[in-house]
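Asks: This is what each chain is made of:
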Amino acid sequence: MRRAATDWLAAAESDDAARLCALLTPAAAESAATGGETCEQAVGDLDLPGGGSVGHVELWSDEAQVRAGTDTLFLVRLGDGWRVNAAGCTPQGDRPYDCDVEG
Amino acid sequence: MRRLRDHGLTLLFGTLFLLSLVGQAISGLADYNNQQLATGGEPVTIWQYVTSSSFAVDVAENWQSEYLQFFVFVLATVWFVQRGSTESKPVDEVGRESDEDQKVGRHADKDSPPWAKATGWRRTVFSHSLGLTMGLLFLGSWLAQSVAGRAAYNAEQLSERSDPVSWVGYVTSADFWNRTMQNWQSEFLAVASMVLLSIYLRERGSPESKPVGASHQATGVEG
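Chains as they are written, first to last, in my numbering: chain A, 1 to 103; chain B, 1 to 223.
For reference, chain B alone in the conformation it holds in the complex (with noise of 0.2 Å):
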């Protein structure tokens, strides 16, 4: 029962996840027959509607902005700050801060992960693992929105009367960036709201917001 505690956060959401992505499926399938119908095909099974592109490309166009958003998030807030925010560091802390603050090398306790107390190349990466595993997941999944994307926009050009586009010719598309940025704008807007309201809103316990009683000009501390 501890364990389950100690990670209910991520079983709370990892199971919220993939009940979402059942309901994407269900009613994902029931739209694409509706079109197949529409066109001239013939409707498919949940099984060959979750193994095909168009699905693929539902799925990837919302993961990767979720990571952009983390990404751009993660090293932002090394350099940018929002004075009274819950979501921003002390205004006076902007930078990468000192390596006695960062615990690293001999700044280390006997807590510290290994490669905080390494040198060089391990150092490094380990210092900037978060972002890069961000950077590298919301390319990851971009790229493989490109490649769906263009393989459901064939079909359906073809189910058009009109000819396939190259994947140069996809990601230069308007289908494409207009998947791309109606994903981005709603990443950014749940930033931009959160980074303001946890200035003058609270909700009790939530490490997302201030304690109750702290000044709205109170920046970087949780409830």
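Bound-form chain A, shown alone (with noise of 0.2 Å):
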């Protein structure tokens, strides 16, 4: 999981869109992929955090919030391994965070 967040980290910091789709969930990626954008195109003009570290971890069953950079990330466990399900995720008082991306 902490691999899944240092990859995405990496590649949010060098804008590397194919690899953020690659690393997010089915249901994100079509998710971002809206209004006949491909995941590539629309991630690629989101400006998504970067760079960083792997901060704290919260993980309880196959679900997982990281606190990486200055974002926080929502990962889920799939048969492949962990994936990023919502990105770019700021934080809204006692309701859910708004991300960018999500699933």
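Misleading hints may appear alongside valid ones.
Unchecked claim - From the structure, some residues in chain B lie toward chain A, with a derived Cβ separation under 10 Å:
| # | residue |
| --- | --- |
| 1 | Asn33 |
| 2 | Asn34 |
| 3 | Gln36 |
| 4 | Gly40 |
| 5 | Glu42 |
| 6 | Val44 |
| 7 | Leu158 |
| 8 | Glu160 |
Note that these hints are calculated values from the structure, not bench results.
Keep in mind that this is a model prediction, so the values were computed, not measured.
Ideal Cβ placement from N, Cα and C applies to all residues, glycine included.
Bring the two chains, given one by one in their own frames, into a single complex with the hints.
Replies: In structure tokens form, the structure reads like this:
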């Protein structure tokens, strides 16, 4: 799971949209590809925070929350490993995080 | 065959418990996997489900309320009575009763359990062993509900892009108390129903009923 988060940070810092889409869950990648754009095009238009290192991790069952650099990621464990289910997330008090990309 | 007959009640309810636990696992797995697909997760196997916090909390929340029911019932029936009910002792026998009536110490007979004849802490512990055990089982399963419930709740929180909570945060949460109260209300309703209905209704041959021809006023008699 930490590797998935680290890979995400590196891909976001280098604006590697293809790598970012490969790290998303299928649901998140499909959600990002709206309005006729591909996932890579949509993700490339977002200014997703990158760099930094993996900070505090919350791991519960097949779900994880990672403080990564200046971002908060939500990951889920699928059959082929951990994938990012939401990124570019901003806390909203008691309400769910507002995320730029989410499944 | 005689041994089966002598322990038939335990065997029957033990079997029903196991069958219904298997049924809960099967139906719970289907429900859990529906939720997994709805939140972007993947379905799990039956083994993954029965070893999950989600299954554990669903089991523990029911167990704690059952043991609470018996804990409160065992203790309450020492001091509270209901005229006419099979679930109550006679109304003039409220309280812990005499040593002679309870066959302890010098009033014990040859078939009395050893700790009923004993003095000191052994007699005291044995005298309250049923209530103590029910109470400990209640507290243990309630604690299990809180631990497993927090894990299941936090997984759901993360799937919904919300922050997880601490154990203290969980046991003061609406989720914990909603699970707890919905179980408690049904347990206490069941006891109240049985206490009241046994006054006026009968089931011939059951020790949970008065004899069919017994008066509605007869208290603490078995059929």
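Asks: The structure should be examined with respect to each hint, and the outcome stated for every one.
Replies: Hint by hint, here is what the structure shows:
no.: 1; hint: Asn33; verdict: 12 Å, violated
no.: 2; hint: Asn34; verdict: 15 Å, violated
no.: 3; hint: Gln36; verdict: 8 Å, holds
no.: 4; hint: Gly40; verdict: 4 Å, holds
no.: 5; hint: Glu42; verdict: 5 Å, holds
no.: 6; hint: Val44; verdict: 8 Å, holds
no.: 7; hint: Leu158; verdict: 4 Å, holds
no.: 8; hint: Glu160; verdict: 6 Å, holds
Consistency with the previously given hints fails for numbers 1 and 2, ordered from lowest to highest.
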